[in-house]
Amino acid sequence: MKLRRQTKLLIEPPAVATGDIAFNLIVFFLVCASMEPDQGRPMTIPRAEKESRQQQTKHIEVDLTRTAVFMNGNPLTVPQFEKQIRTSLSDKTREEDRIVGVKCKPDVAYAHWMNVSAAIEQAGGIVTLVREERINVQ
Amino acid sequence: MALPRRKHIAEVPSVAMGDIAFLLLIFFVILARARDDSHIQWVPATGADLSKPATMRVSVSIDRDNVTYLNGQKISHEQLGPALWNPEGLKDKGLLYNVPAGKRTVLLKIHKDATALFFEPVIEAVSGAGGELHHVLEDTKK
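Respectively, the protein sequence lines represent chains L and H. For what it's worth, our numbering labels the leading residue of the first sequence as 1, then goes sequentially. For what it's worth, our numbering labels the leading residue of the second sequence as 139, then goes sequentially.
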C-alpha cells in the first residue's frame with residue numbers, strides 16, 4: 001500500500017488564550033458600564049462680599065447648632081423650619097431678598113447642614129455661609 | 139543527491155494582539171482616571187430630588203477622619219483654593235483656570251458626620267474659586 005504524502009498543512013492559531021481575553025473584555029465592559037456618575041444636588045453659593053451691617057440685617061438669618069435650627073433667633077425643628085422658610089420667602093421676588101445667611105456652630109454635622117440648606121433652596125432661597133472671623137489677640 | 143525536506147513554519151496570527159493590548163490600555167487609563175478617589179472612606183448624607191452632574195472634572199472629598207482630598211490626593215484647606223484657581227501661579231494656575239462657566243462642576247463628597255469646622259472652609263474655598271458645587275448624596279428613596 002502506498003501512503004500519500006500530506007502536503008496541505010492545516011495551521012490553527014492556539015485558541016487557548018482567546019477565552020481569557022474575551023473574559024477580560026467582558027469584565028472591563030461590565031465595570032465601565034456600572035460606573036454611573038454620582039448623583040447629588042447642585043448648589044450655587046454667592047461669592048463672599050463685605051456688606052454693611054445695615055444690609056446684613058435685611059436677610060433671613062439661620063443659626064445651626066448640633067441638633068437645632070434657629071430662624072431669626074427662634075428655635076425650630078427641621079419640619080417647622082421647612083414650613084416657616086417657605087412662608088417667609090413666598091413673597092420675596094428680588095434675588096437679593098431671597099438670600100439666607102446660614103451660620104453654623106463648629107460641631108454641626110454635614111447631614112444636618114445639608115437638610116437645612118436643601119429646605120432653604122427648595123423654598124427658593126439662596127444659601128450663603130456666614131462665618132465669624134477669628135482674630136487672635138496676643 | 140539528496141534534496142533537503144522543506145520545512146513548513148506555522149506562525150500564529152498576531153495582528154489582533156496589538157488591538158487588544160491597546161483596548162486594554164485604554165480601559166485601564168479610563169478606570170484609573172474615574173476611580174482615583176475610590177480609596178477614600180466616606181458615607182454620603184441623604185437627600186431627595188437628586189441630579190447627575192454635568193461634568194466630573196474635579197472632586198473634593200472629606201473622609202471619616204475629616205481629612206480633605208482633592209482628586210484623591212490629601213490637601214490642606216489653605217492649599218485648596220489656589221489648587222483650584224490661581225491665575226497668578228507661574229506653572230500651575232489651578233484646575234478650574236480657563237474652564238468656561240457651566241463646566242466648573244466640583245463634586246463634593248463629604249462624610250455625613252463631618253463637622254462644620256472642616257466642611258465650611260472647603261465649601262468656601264470651592265465657591266471662592268468659582269467652582270460650581272455639586273453635593274454628592276444618597277437618594278432617600280433607595
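Certain hints may be false.
[What the hints assert, rightly or not] Here are the simulated lysine-lysine pairs, DSSO-like style, with alpha carbons at most 30 Å apart:
{"#": "1", "chain 1": "L", "residue 1": "Lys83", "chain 2": "H", "residue 2": "Lys250"}
{"#": "2", "chain 1": "L", "residue 1": "Lys83", "chain 2": "H", "residue 2": "Lys241"}
{"#": "3", "chain 1": "H", "residue 1": "Lys212", "chain 2": "L", "residue 2": "Lys83"}
{"#": "4", "chain 1": "L", "residue 1": "Lys105", "chain 2": "H", "residue 2": "Lys231"}
{"#": "5", "chain 1": "L", "residue 1": "Lys103", "chain 2": "H", "residue 2": "Lys190"}
{"#": "6", "chain 1": "H", "residue 1": "Lys241", "chain 2": "L", "residue 2": "Lys103"}
{"#": "7", "chain 1": "H", "residue 1": "Lys250", "chain 2": "L", "residue 2": "Lys105"}
{"#": "8", "chain 1": "H", "residue 1": "Lys145", "chain 2": "L", "residue 2": "Lys103"}
{"#": "9", "chain 1": "H", "residue 1": "Lys212", "chain 2": "L", "residue 2": "Lys103"}
In case anyone wonders, no lab produced these hints; they're calculated from the structure.
Of all the hints given earlier, name the ones this structure violates by number, lowest first. 2, 3, 4, 8
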